[in-house]
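Peer 1: As a plain string of letters, each chain reads:
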Amino acid sequence: MLKLKQVDKSFRDRGDVIHVARDLSWYLGSGESAALMGESGAGKTTLMNIIAGLDTVDSGEVLVDDVRIDRLNQAELTAFRRNHIGLIFQKFHLVPSLSAWDNAALQARLAGAFDIDFAHHLFDMLGIDHLAHRRPSQLSGGQQQRIAIARALMHQPQLVLADEPTGNLDEATSNTVIELLVSAALNAGATLVVVTHSASIASHLSHSFRLGSGSLTSVI
Amino acid sequence: MTRVTLVTLATTLAFYRQNPLQALFVLVGLVLGCGLYTSVAQINASAEASYAEADQILGVSAQWRITDRVSTEVAVSDYIRLRRAGFTRVYPVIEKRLASEDGALISIIATDLLALPFIGVGVGSGDGSAFENSPFGGDSWSRLTQPPYEAWVPSQTAARLAVTGGQQIRLREGKRLPPAVIRSQAQQRDQIFIDLGAALSIFETDRVSYLAAPPLTETEQRRFADQFGDRLMLSNQSKALNLAQLTQSLHTNLTALGLLSFVVGTFIVFNAVNFSLHARQQTLRVLRDLGAVRQAIVAAIAIESLVWAVTGALLGTLLAQPLSAALMPAVAATMQNIYGASVSSLPVFNTGLFWEALLLAFTGLILALVLPLLRATAISSDEFSARDKTLPSRHDFALAGVGLALLLLTYVCYPIASSVVQGFALLSLILFAGVALLPIIVLLVSALGRTVTRQYWLARWAFADVSLQFPHLRLAMMALLLTLIANIGVTSLVGSFRLALTEWLETRLSADFYVTAGGVEIESFTGQDWIRAAHRRTIAERSYAGRTITVVGIDVDAPDFGPDNIIDSTPDAFARWSVGDVGVDRVFANEQLRYLAGVEIGDTLELETELGLRPFEVLGFFHDYGNVNFSLHLPSERFEQLYASVEPQGWGIWVHQNKHAAAELGLSQLGLQPTQWVSQRDVRTLSLAIFDRTFAITGALNALTLLVAAVAIFSSLLAAYQFRRSEYALWRSLGMSWFGFFTVLGFPMFLITAVVMAVALPLGIVLSWLLIHKINVISFGWTMPVIVAAEPIVFLFVVVVLVVLAAFVLASTRQQAAVNKALKNLAGE
Ligand SMILES: Nc1ncnc2c1ncn2[C@@H]1O[C@H](COP(=O)(O)OP(=O)(O)OP(=O)(O)O)[C@@H](O)[C@H]1O
Ligand SMILES: [Mg+2]
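Chains as they are written, first to last, in the working numbering: chain Y, 885 to 1104; chain L, 4 to 832.
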């Protein structure tokens, strides 16, 4: 479950103030999935960073599964992220020195939640079984992103955040990856937020929201 | 300069404004490299200048030297006879090296000012105006030559001895020098000058060290031989040559250390330049796309390099001034103690050195620039490689092959090398072999570590990260390896030196007391309950193969020379030596004769004796640490027959345990003055103290090169962190604690450091072996056992770990903030 209450967030740039969020509230139930859309510079990434505990709010409340993460200190935030949040990035960000398997298992191992059966299940489901021993430099973009998805899900987090996960992939690959992401996340019982510019990707998710001028509007 | 170049230059230089630390590293590398090199060069130059002046005494040439054929000193009466015979340009000199009351070393030089041929005209025979204008004119003259006399102490000597004007320096034997006057004359160096008359009365003697003369004509030489040839010996003493030769090894050594620092400095520069160019690759590509031609980019970078080189060389030579001033006294001490060379302890600056530094800075920069520049201006730089980067590449294997080939080459060339320069070339082969082998060893160790720790994901990860960090740390670690090999090599060398010296002192000065009064008879000692043994040595000096050879008469049962002191001989050699033979005289020779004159066991040398030219058969050799002369040991009975007129020098007295006080009392009861005996225990302690101070210079240089390597590590860590920042941010985004973060981050560096130390150890030992068995033999003609002591190496390694730790901690302190900032950009990057 994800809840934002009256969140304010702005950047000051010389004289101008850029409002990314103004009195913004949002609710997303457990197991739900949402697309977050909006123009470039609207503040999507900033909002995701706030939810992930990587950035702070000016005011308001951020709750993930009833935990006020805006009140956690840095060490608590790190632990919270490790145990309850999965992140997926546009540029995959795999650790180049580790095999695909070790990359996927990394966060689960850090969280002490590594379950080898679940790991095999995930690899099976994402169709990356045969890639387990390879290193990131030996994988295509789509393959790398599937490893990253496995990494974000393996510790069975409550919340999965993906910022333009298919931005570096071609359209056909994008669709497969998104389908896999959505089904794997639902299967793991996680709440999923995907930032995207693509309506076709948004159509895979149960809700769509648009961020603009600091507020969210639901798109049907 | 075109506008395009200017725009390009401005754009590329903007990088340093945003990354001032990188600019600092380029500068630090250049300044440290140039500075260390220049200061060493400066030290060498000043020492060499001193050698050139070594032929002179107070500005007067002393190229020719007259010594007594039999005695080590020349009687004043002989000097007077010479002058009466018309040799008016001959002047007497007393040179002494003594210990002061508190153990400091003092060099004294004394001469008769009236006899000094100033500007070629003797005072006695000239009009005297040259003398009036000399530093000795006027009052100075009378104060110097009349009681209470004066001792002229150069200011740097006064500082070293903590002497102030008017103070009387006390010598160890209890004598006092005249009141000190702080002033120095030309070519006085680190010597205290007193008048000859004062010296004769202080030392209670009527003999001088030698007579000196400016260049003599052929006729004069012949006349001298005719009239005085039977008693006195005339020799051409170009000390300049001798000293330069003798000290070549130390200077080459210093130069090598200086070059080493420069190489390490170049590593830093390379790192910094490489990083700055890499970081600007994007900018450079954009500039090229915008129409800046390749030449303009290269020109911009060339201008940038010029600015760097000039700044680096300037600041480097500036840094060299305090550095060499700080190191110079240690070098002067080395020269004086080991080689007996008197060197001014103030460094000389010359502009040639600045140009040299500039040239070096350029060479370093060009070396550092070539590779990154080729990469930066290449069309495609992001080559996609599917290669597994955690395994050694073909390039690494090739480099390792080169390393092995270098080791093999060292082995093959070892017997061939026969000059100091070739010896040092061997040393550098070892150094570069180490550098070439390092990458493969590190990568193999990390691969092995991964295999062994397969079960444990965190260990596996930490080992895998070695191969990611190593490319960044590679150069710095190579620099560290170079310094460590050199450090271990030099440390073992100095350690072996010290042990050899200790042993030598123990045998040579094994007697508890040395009684200087030669006239005391053996009967005086018999029956004294404190005495264990009393023996004396007698010495005759001749010349052999262009060098002085001392023939030493030794009692066959003297405790300070026995079968254990012979290094190479047949088992019965000592017995045969002590018994002697009718036909031929049997001797033991010092190693110097073997290595420098090619004498082998069984060879026969012909030497002048008082019974005419005689053959001497060499039965074996003995170590003779630090002796610059050849030496032969002959049983004293035989010596007395061959050199009957040589006066015995004094007694070595061995005392029963705990009888030292009784012995001193006994000696004075025999009518000896306290000044007539020396406690050799004190001399041993003093010699070791002097040795340790002397080698402070290598210690200081070792520490400095280590410091430079530490800076290299620090700067490459910073660069590595910057390169990998988004990856580190990822670790944190996955919820890794700071503790785990720094563990994985730090592990590779310490593993690589451990590998570097492991590689440095054997190579360092090989290096010290080469230094002792090659360089030492080539330059001095003596060897010593190679001692690899664990303690200094363990200490060195502890220091290295601490230094690396400090670099790591320093580089990591700002990591938290930087990674936190990078976290927010993970999505965008
Ligand atoms: N650290 C910062 N300081 C000042 N302004 C910032 C900072 N970070 C972001 N901004 C501004 O905040 C706004 C939102 O940025 P954000 O990256 O969240 O947009 P976005 O919606 O993700 O855009 P895109 O679709 O292009 O990724 C932008 O106008 C950006 O310039
Ligand atoms: Mg964005």
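I should point out that these hints are in silico values taken from the structure, not numbers from a laboratory. Even for Gly, the Cβ is constructed at its ideal location relative to N, Cα and C. It cannot be assumed that every hint is accurate.
Straight-line distance between alpha carbons at most 27 Å, and here's what the computed DSSO-like set of lysine-lysine pairs gives [said to hold, decoys possible]:
{"no.": "1", "chain 1": "Y", "residue 1": "K889", "chain 2": "L", "residue 2": "K178"}
{"no.": "2", "chain 1": "L", "residue 1": "K827", "chain 2": "Y", "residue 2": "K975"}
{"no.": "3", "chain 1": "L", "residue 1": "K99", "chain 2": "Y", "residue 2": "K889"}
{"no.": "4", "chain 1": "L", "residue 1": "K827", "chain 2": "Y", "residue 2": "K887"}
{"no.": "5", "chain 1": "L", "residue 1": "K178", "chain 2": "L", "residue 2": "K99"}
{"no.": "6", "chain 1": "Y", "residue 1": "K887", "chain 2": "L", "residue 2": "K824"}
{"no.": "7", "chain 1": "L", "residue 1": "K824", "chain 2": "Y", "residue 2": "K975"}
Facing chain Y, a subset of chain L residues (Cβ under 10 Å, in silico) [claimed, not checked]:
{"no.": "8", "residue": "A13"}
{"no.": "9", "residue": "W460"}
{"no.": "10", "residue": "A467"}
{"no.": "11", "residue": "L608"}
{"no.": "12", "residue": "E611"}
{"no.": "13", "residue": "H663"}
{"no.": "14", "residue": "S736"}
Peer 1: Taking the closest Cβ pair, is L:A467 under 10 Å from chain Y?
Peer 2: holds, 4 Å
Peer 1: Please work out if Y:K887 and L:K824 have their alpha carbons no farther apart than 27 Å.
Peer 2: holds, 25 Å
Peer 1: Holds or violated: L:K99 with Y:K889, Cα cutoff 27 Å?
Peer 2: violated, 94 Å
Peer 1: Given L:H663 was flagged as interface, is its beta-carbon under 10 Å from a beta-carbon of chain Y?
Peer 2: violated, 69 Å
Peer 1: Decide if the proposed pair is consistent with the structure: L:K827 and Y:K887, CA atoms, cutoff 27 Å inclusive.
Peer 2: Within the cut-off at roughly 21 Å; holds.
Peer 1: Minimum Cβ distance from L:A13 to chain Y below 10 Å?
Peer 2: This interface hint is violated because 23 Å lies over the 10 Å limit.
Peer 1: Would you check whether L:W460 satisfies its interface hint, that is, whether its CB is within less than 10 Å of any CB in chain Y?
Peer 2: holds, 5 Å
Peer 1: So, L:S736 near chain Y? Judge it on the closest CB pair being under 10 Å.
Peer 2: Hint on L:S736: holds, closest Cβ of chain Y at ~6 Å, below 10 Å.
Peer 1: Run the distance test for L:K824 versus Y:K975: straight-line Cα separation, threshold 27 Å.
Peer 2: Since the Cα atoms of L:K824 and Y:K975 sit roughly 18 Å apart, the hinted pair holds (cutoff 27 Å).
Peer 1: Is the interface hint for L:E611 satisfied, with its Cβ closer than 10 Å to some Cβ of chain Y?
Peer 2: violated, 77 Å
Peer 1: Is it true that the CA of L:K827 sits at most 27 Å from the CA of Y:K975?
Peer 2: It holds: about 14 Å lies between the C-alpha atoms, which stays within 27 Å.
Peer 1: Compare the distance between the alpha carbons of L:K178 and L:K99 with 27 Å, and conclude whether the hinted pair is satisfied.
Peer 2: holds, 13 Å
In summary, the numbered hints that this structure violates are 1, 3, 8, 11, 12 and 13.
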